[in-house]
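Once you have looked at the hints, place chains B and C on chain A.
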Amino acid sequence: MTNHWIDLKNSDAILAIGCNPAENHPISFKWIEAAMDNGGKLLAVDPRFTRTASKADHYAQIRPGTDIAYLGGMINYALQNNLTHKEYVAEYTNASFIVNDKFEFEEGIFCAFDDQEKTYDPKAWAYEVDAAGVARRDKSLQDPRCVYQQMKKHFSRYSVDMVCSVTGTNKDDYLAVAKAFCATGRPDKAGTILYAMGITQSTHGTQNVRAVAMLQMLLGNIGIAGGGVNALRGESNVQGSTDYGLLFHILPGYLKSPEYDNVDLKAYLDKWTPKTKDPKSANWWGNTPKYTVSLLKAWYGDNATPENSFCYDYLPKRSGNYSFVKLMEKMGRGELQGLVCMGQNPAVGGPDSLATRDALGKLDWLVTVDLWETETSIFWKRPGVNPKEIKTEVFMLPAASSVEKEGSISNSGRWAQWRYKAAEPVGEAKSDLWIIDKFFQGVRKAYQKGGVFPEPVTKLAWNYGNHEEPDVHLVAKEINGYFTKDTTIVDKDKTLEFKKGDQVPMFKYLQDDGSTVSGCWIYCGSYTKDGNQMARRDAADPTGLGMFPKWSWCWPVNRRIIYNRASVNPDGIPYNAKRAVIAWDLVEKKWKGDVPDGPWPPLNDKEGKHPFIMVPEGHGRLYALDLKDGPFPEHYEPIESPAKNLFSRTQTNPAVKIPANMTSDTNKYPFIGTTYRMTEHWQAGAMTRSLPWLVELVPTMFVEISETLARTKGVNNGDQVRITTERGSIEAKALVTSRLKPFNVQGKMVEQVGLPWHFGYAGLATGDSGNVLTPSVGCANTSIPEFKAFLCNIEKGGKRA
Amino acid sequence: MTAAKIIMNEIKGYHNFVKFLIVLVSAGAVASLARFVFGLGVTTNLNDTFPWGLWISFDVVTAVPLAAGAFTLGAIVHCFHIKKLEPLVRPAIVTGFLGYSLVSVGLLLDLGQPHRGWHTLVYWNPHSPMFEVSMCIMAYSTVLFLEFLSPVCEKFGYHVPLRLLRTIEMPLVIAAASISTLHQSSLGTFFLIAVDKLHSLWYNPLLPLLFWISAMCAGISIIIVEATMSHKWMGQPDESELLETLAKILPYVLTLYLTAKLFSLFALTEGPLFDRPGLVALFAVEMIAGVLAPLVMLMNGSVRENNRLRSTAAWLVITGVILNRFNVSMFGMMEKGTMYYPSFIESVVTIGIIAAHILFFVLIAKYFPIFEHHPETVDYSIPDTFHKTGKGHAAPAKGVGSEA
Amino acid sequence: MSDLTNDFSKNKAFLIDMTKCTGCRGCQVACKQWNQLEAEKTEFFTGEGYQNPPLMSEYTFTRIKFRDYEKNGQNEFAFYKEMCMHCNDPACASVCPVGAFVKTKKGPVTYDAKRCIGCRFCMVACPFGVPKYEWSKAFPLVRKCTGCYSRVKEGQKPACATTCPSAITYGNRDEMIKEANKRIATRPEKYLKKLYGAEEAGGTSVIYLTALPFDELGFKHVTKRPLPSYTWQALRLVPGIFLTVGGSLSLLSWFTHRKDRLKKEAEQRDASEKAPKEES
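Chains as they are written, first to last, in my numbering: chain A, 34 to 834; chain B, 6 to 409; chain C, 18 to 297.
Just chain A, same shape as in the assembly (with noise of 0.2 Å):
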């Protein structure tokens, strides 16, 4: 999130798109109500009348993969209705930016694009340079090559009759929401956007954010409080895994993973350290030498010295996505030889199910860390199979509850919560941390014995206390940091000494010549000469914003909203007094308030910087750069659809390549298929399935469908049912509300069908699993898989009936 949770309550229209935070996040709750007691609208937009639409003012139900249809409509909305937050997007926002000449878009297509490697070329996209090579700008927003006139030409396409029309979104209820949403464009309110799966899985879920991103920035809510782009993450700890970098194409802290071609340490950082000529632009990844040299010193410590490239060249080197469903393929072709899942269950929570399961018997090995048996710890007895013929060895470790150890979780706030250990594992669980470090004993044992290139093993700095449970604060104090050296720093005004061994006390500090160690530089700050900052409980809130300055520590450096330079203006006022997230104080010549983004003052000011201090511009991209699919989100039907994109011929993401078990056709597969969460079950739902507490709420696999769809199938409520889809089959109750309503699409009622993912073949409630029928096919930047929207088919009865 830009902002986090409590701030909610700050808003005065909280459009939850792609999420259902009533029933996937139930104590945030607490906090949107608290908004809507002080008159804040709670908007819901969902395909289905979810426990968070029952709480709404208004509702609006939108057809699973058509968000950009949506959100552009209204982003033209607000641009054609004024409602647009003029000054912030002239001056924060990249809208007076011009676009070079050659751009274009046509038919859906923007230019470069490569019709047989399916990719664009994102150089083609570029600002329009001066002799200088800076970009050229209209601060008037009126050259027709300027971002502004280039986005409200692409999104006049999207008038509210023809987003209805692909949304199938009642017209009343698409305005009502647009009306109350869009209201927030005035300096002095505050609209913050909600979203979670509902948006980022589809083949065009990095596209969708920007939808969301690019409406936020033209009504003027990065940065203030109530507003901001806010994602629910799906897991308690999830931020803190993204965070340190555990997906595949990251670093900690959001470093880039090397590529094959950045053969050495100088083309990674020539590569990937964005440079600007704009002074008053913080460009703030220009730091990146600093964080990574941080990094490589604290994974080789004294090994890493400026000789050796700070042991550069041990870092494995990437040669293409690596993302989850392409291990699957991998493993699926018997390209893998053995496979570690900690706390992650391949079996139920990706998709194509069954094309995983069948993978994991082509594994030599296979290690689980878990709780419970899961479905991937089991999959070589699940039902219709012959243990005898899986020649996979199974390793199941059982692993200590998050209440059985310390150690902090991140929240989608970015609040890194300190927690202590509040009961011992249960019979020989341990916790990760253990297992890890067992693990690198293990393997560095082997490894010192000889081996193919034993170094990026054996010369890892792995100093975590000499006691059989690794000393979890000894990991904390690394990810902060801490000089190698005595050193001393002038920073302004004053002269920092530091001596070796001393906590980085934050990130501007962190040097590129090894005199600092940082395991994630963007923690630097959490664990300081002062303490864990990460365990302070202080419930102070001095500006009653709900930010909670003491209480636990956040990154970066504790700023509770980033961009928080854009809730003033250029000389430093705030737009809305009454919320004041930072102030210019002029006597003191500081700022109050939160952590500014940025100490530097005012715009104005000669010494200002613009408040986007994450892109090399400064200013709020409306217009990306380098995203594979385009710099503007474009409306493109979902791989399976039962609809024409009326945008344009172009029928899907052109950046994304169909894999085969997929299909269009709606006579074999007439409905449209999502899955979604639930309160009472988590995830692949080992955590859940097995507590009878929870499994008596929900003790079945089951579907919803509508009053229309069960009365065309003969099916009455809790009749046993079975759904197809061109990846599998299987067996569910039917749940039959008037919740599901079927689509308007170009006239034609179609119907969906809804399904929980949470249920598997292993713990105590057991069912079919919903991602046996889901696509494997994802986001052209991200991969993540397009859970949401799919075709499928329905009938009564089958095996189990």
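FYI, nobody ran anything at the bench for these hints, they're computed from the structure.
Misleading hints may appear alongside valid ones.
[What the hints assert, rightly or not] Pairs of lysine-lysine, DSS-like flavour, derived with a Cα cap of 27 Å: (1) B:Lys341 <-> C:Lys82; (2) B:Lys341 <-> C:Lys195; (3) A:Lys63 <-> C:Lys211; (4) C:Lys88 <-> A:Lys781; (5) B:Lys202 <-> C:Lys211; (6) A:Lys310 <-> A:Lys156; (7) B:Lys341 <-> C:Lys241.
Being a predicted model, the structure only gives us computed values, none of them experimental.
For chains B and C alone, kept in the frame of chain A given last:
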């Protein structure tokens, strides 16, 4: 011979009907055991929607008024001094004593913690009608027991206790009537709290009064029926004359009931009366068959004098009271769309209890001086032996009780 | 026996705003966890929406009832938290022959399992249908929401109130009613203008705010008079009736036996008069 052998020989000599009763009672005992082995949930059709079922409705709420003859007749004979009805008193007391004892049996089965039944003696809640009823029933059972001791003492010739009992006879009768008034009416008070649950056809503030009056109607009717049947089947004296007199009293009590009921229905009841056709039907049967028909019949002298018709009228009243108690405690409490019916075990237990009542009545009548008369001329000071007087009545006919 | 202090304003009470409830069932699970109640065996949902279990029972002291229907073309997905109402003058306490229920000064109506004889009168009496029975046991006891008395007397909030993110507020009864009325006054378009539980059964410790009419959500219609008053108006006559009946019958007996007594006295006098005559 050993005691067991003596008992077995006795039983072998019993009439088949008595043997059949023994079977029913045994079955009831086995079913009761099942309640303890398997629990109430499994053996009954009781559940959270219907916490009270057949055992409460019949074995408590119905059985109590059916045993009301004891106090009613006691008051009529000893307080109103209608001495000619004296011969009917002892059988009534036996009926009462057995009835109340079996109410306790039924209750003990129905309670979740029967071994804690004594708690009402120690933990008091005067606000609870059930506390009041349980205190009263314990007191009254004691009174009945003391009254029953008279024939026992006479049988075994315990003269000193007998003299004591004879001395306190009046106070006992008055106590019996007072206590019975309280608990007969309080059984109605039970349901005053079910204000949103019991249907308006029965719910009104006069429920306790109505229960008391109908208890007296039931008591009198049971005596008529029991005397008629013990003459017909057990060879006991023909008390037709006495029953005629009783039958004359009954219509007055029935009229009192009808008046009170109509008043309460039309002046004191809120809420819809005719919205549940099933309940309206039950109410109609209860009032017409149970009150109006017998009232009309008994106002006619020839009915009162005809054994069969008089008996029929009494049966109608009894049926009416049973139906009334079931209407109040079961049918009228059923929310629309819900239903309770007793399980097999519940039914076997209740049938066993009814069979036990009849069985023990027959056996007590056989072995103790219950039906022998006490004409006014007999000296009620200490007797040495008990004299059977045959004045004005036929010798016992061959039948159940008279043969060994 | 109910602890009849007539001022209930400082009792602890629940304010449950059903317009804020999202039907998450955190309260149901927290209650089961605190009271260590068994989970019930369910096969599918039992009612509208995701409702489970089908009813409150010996294993379920509180339950969210779901409503999933359409009204005037709009979807209504609404929730109602069933629980013990902890009445000011509880029917259960008044009918229990052994006084197993107590209306504590703090507010919760507690049940003393050690006293209970299992007669189930409380189940018949409670207008809200709250007390449930251990049908699964051979010697069953009554089970119901304890009002988390063990927590409340230590100054904590009940488990359900602690877990609920937004709908349940817990505090002094007068403050809860004040807050409820304040919410209605501030957002009149949002709320039904009546509170449930403020006056029902003579006043309870669970005050509900709703948007939908009570009967649509499943609230029972309950009299506003305290239920024990219906019984008491008859029971208070007991001593009087006893004395009246006993007294009247005694008086009657004295009169009706008078003739006999006089006759006997006359006979005795005759006998004693006669005897001396015969002697002479």
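Against the structure, the hints come out as follows:
| no. | hint | result |
| --- | --- | --- |
| 1 | B:Lys341 <-> C:Lys82 | 20 Å, holds |
| 2 | B:Lys341 <-> C:Lys195 | 37 Å, violated |
| 3 | A:Lys63 <-> C:Lys211 | 24 Å, holds |
| 4 | C:Lys88 <-> A:Lys781 | 25 Å, holds |
| 5 | B:Lys202 <-> C:Lys211 | 23 Å, holds |
| 6 | A:Lys310 <-> A:Lys156 | 18 Å, holds |
| 7 | B:Lys341 <-> C:Lys241 | 22 Å, holds |
Hint compliance for this structure: hint 2 alone is broken.
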